[in-house]
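Novice: Respectively, the protein sequence lines represent chains A and B.
Per numbering that gives the first Met the number 0, the first sequence runs over residues 0 to 666.
Per numbering that gives the first Met the number 0, the second sequence runs over residues 0 to 219.
Honestly, I wouldn't trust all of these hints.
Stated by the list, open to error - Partner residues aside, some chain A positions facing chain B, computed with beta carbon under 7 Å:
1. Thr645
2. Val663
3. Ala665
Hints are computed from structural coordinates only; laboratory data are not their basis.
The beta carbon of each residue, even a glycine, is placed where N, CA and C say it ideally should be.
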Amino acid sequence: MMVGALYAVAVLLALAPASIALSKYARASNIIYGASLVASAALCSMGTVQLLSRSRAAVALVLPIGLPWLGAHFRIDALAAFFLAAINFGGVAASLFALGYGRHEHAPGRILPFYPAFLAGMNLVVIAGDAFSFLVAWEFMSLSSWALVVAHHREQENVRAGYIYLLMASFGTLALLLAFGFLAGSSGHYDFDSIRAIHLPNGLAAIVLLLALIGTGSKAGLVPLHVWLPLAHPAAPSHVSALMSGVMTKVAVYAFIRIVFDLLGPPAWWWSVTVLAVAGPTATLGVLYALMQRDLKRLLAYSTIENIGIIFSGLGLALAFKAQGLDWIAALAFTAALLHVVNHLLFKSLLFFGAGAVLNATGERDMEKLGGLIHRMPKTAAAVLVGCAAISALPPFNGFVSEWLTFQAILLSPQLPSWALKLLIPAVGGLLALAAALAAASFVKAFGVSFLGRPRTPEAAAAKETDALSLAAMGALAVLCLVAGILPGLLIDSLAPVTTAMVGHSMPHQADLAWLTIVPIAESRSSYNGLLVLAFVTLSGSLAALAIHRLASDRLRRAPAWDCGFPDSNPAIQYTASSFSQPIRRAFGSVVFAAREIGEMPPPGALSIARLTVRQRDLIWDFLYAPLADGIATVTERINVLQFQTIRRYLSLVFIALVLLLLVLAL
Amino acid sequence: MGRLEFDIAHLLAGSLVLISFMMLYQDRLYALLNTYALHAGVLALSVAWQAFVQQAPHLYITALIALGFKAIIIPLALHRIIVRLGIHREVETAVGFGLTMLTGIGLVALAMVLMLRITPGADPLAREDLAFSLSVVLLGLLVMVTRRNAVSQVVGFMSLENGLVLAATAAKGMPLVVEISIAFSVLIAFIVIGIFLFRIRERFDTVDLQALDRFRGERR
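In isolation and in its complexed conformation, chain A is listed as follows:
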């Protein structure tokens, strides 16, 4: 198994140079994406088999590469197997989509070498069994995805996105490096098995927790480390955006679970406070930002931040309950988080594919320039509609199940003895509920403005349905969103080994319950049946349709639409994305975004144009990053003097540094 996985990763790695050799052939992108698809499928099935296998033992292997006294450890336990399966499922979907989408790429040579390398990097992070190979793989993943972000480097915006991404990624890796340094302790054993055996004192554990939160949070997009994400994710080509948003953020979640749940030892109660205090605001702020966007892909990227907030809330809850010995509730919260990992992967990939298809058909990401696409791209529209419903947590789709399970765990928080948590968790619950509602609003906006109404530009009017392979990828994901919503019990049961390994307990067995019901705690308390909801929705929908068709008049009458005083058929009079989000901007924006609306109304009789300007500021950028950047610039300018010294002064500097170091050693 382990050897097979390594071979598959090696194939992915070998594809990178191969694509350079093949780049002069027209079919290169088909070959590379096809081979990536096969390798990802192999890895995905290996992960699934390992996760479902009866033998719970981890498979491991040590290769004599890397650090001479350490070697490269590789290990697949239940957690790694789950993430291996999830990541490569995303890889399969993205490769399938790219088989169609990649044909329209104007500079495939800039993307093809890095795409399989990126996949290989993510896989290596998950199967790494020691800190050194983990960090190497992590950095490899960051760099290859950076290369994909700046693939279209002619656009100034992308270069800036790449720069900020590179900075944040290096910062995150630095934090992880320090975290592993503390974890390994003075003995310096960097393989995970040795690290697991060490128990850190309380203070050091706190530092490691913070560093892990910073390191993985900067990759996953936790507020306030999220600034790069909405810039970088949309900048990449759409199938890579899907991978970055849907899959790479999950690798960060994996890293967090690996460090905090696995390596760091038993949790203290306040760990969860740190995590929850970051996760709740992340969910709400992410979706508020999303609601303000006009750019379809940027909206999706901000929504990723929201979903990461939900996942980390689940993990924070699991920490809280585990620290108090309430393992069975911890298992519930942890399962909810893992389930949301899968679900978000499914619908976020689907939605990014949809955005890619739209971008391909119209050349536009700006929603204000789209509209009416449901008539021109009906199949894409249907798939995206499913994705929007799922991400808005509407039953019977999958998004509902994981969010519902998270709330079930939140509702059990009164069982906790700590008053701080008793007050914090309901607050987080409130934030998550707000986030769920706002997410629904932002996806009503995304779908409504882009796909409904009338086309706002000639490009949107001339859109054509996308190709069959892209549609197949979207269709498969849409079907899976529904299936995962109806059969959550199967998923929950297959997650049992992971939950048992990480929090020491698992949720009750769900497969035996009748009619695909899931019961997280006890039947008397709560249960959910996706099949029932689906049956109800289908039945009531069909009945309503039937009633309307039977009872209403079937005479066809064509009349001017929107004829309430607007006989002009200019599409600009439609509801726009900005107008849709205006009420929410008025409610929250003045505080969160320091938004101001400036209306210029000409005096009566004047012929000049009335104008409404909205100014929004990103307060996190203004108050955290801008001063930081200024400070660094000032300091470097001061230090810059050192670069232009006389030879003797250089010598003196070296000499003084040496003497100082010796003094430190001597005293």
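Add chain B to chain A, keeping to what the hints say.
Specialist: Chain B only, in chain A's frame:
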């Protein structure tokens, strides 16, 4: 090891430090070169004594190298360079002699404290030698820092290398390869620096490094 052997090794290593001090206050290039030759000669003696004490015949080769290259060939060559460059005038020191000497004493004290503290378990001879050689290295660096003339900086660098050779021979059982390579590295450094000196003079008509600084538009 007998008391006498130890004392003689101690004496030789100590005189190396003393000669390093002498280098600090030489204000003429010829005098500096002669002091350096003396430095290298004492190093050769010290290495030879180590060879005798440790019964390590290969160290005699190192001693010969030190004597031949460092005490004779390099000083002679530098002598020729000075003659050809026509710079047998006063050495300009950047810092006053008094301050330099005081700093040197401080450095030797630092080296002693450091070495005695971090090597409590080691052989006493090696311990002493390591402390002395660190002093020689630091004093060599001090010479480089306090001089403006390129030739005297080269001399400072080579006395620093002498300190390294002393450390290498004091540690028992270090293979010959290391010492030869150190000797050759000095030779190569000498050649490279010699070439650079000529290049610098060709361009600026002086080996005073201040000329370089002026060329780069630096103020002093």
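Novice: List in ascending order the numbers of the hints, as given earlier, that are violated by the structure.
Specialist: Number 2 only.
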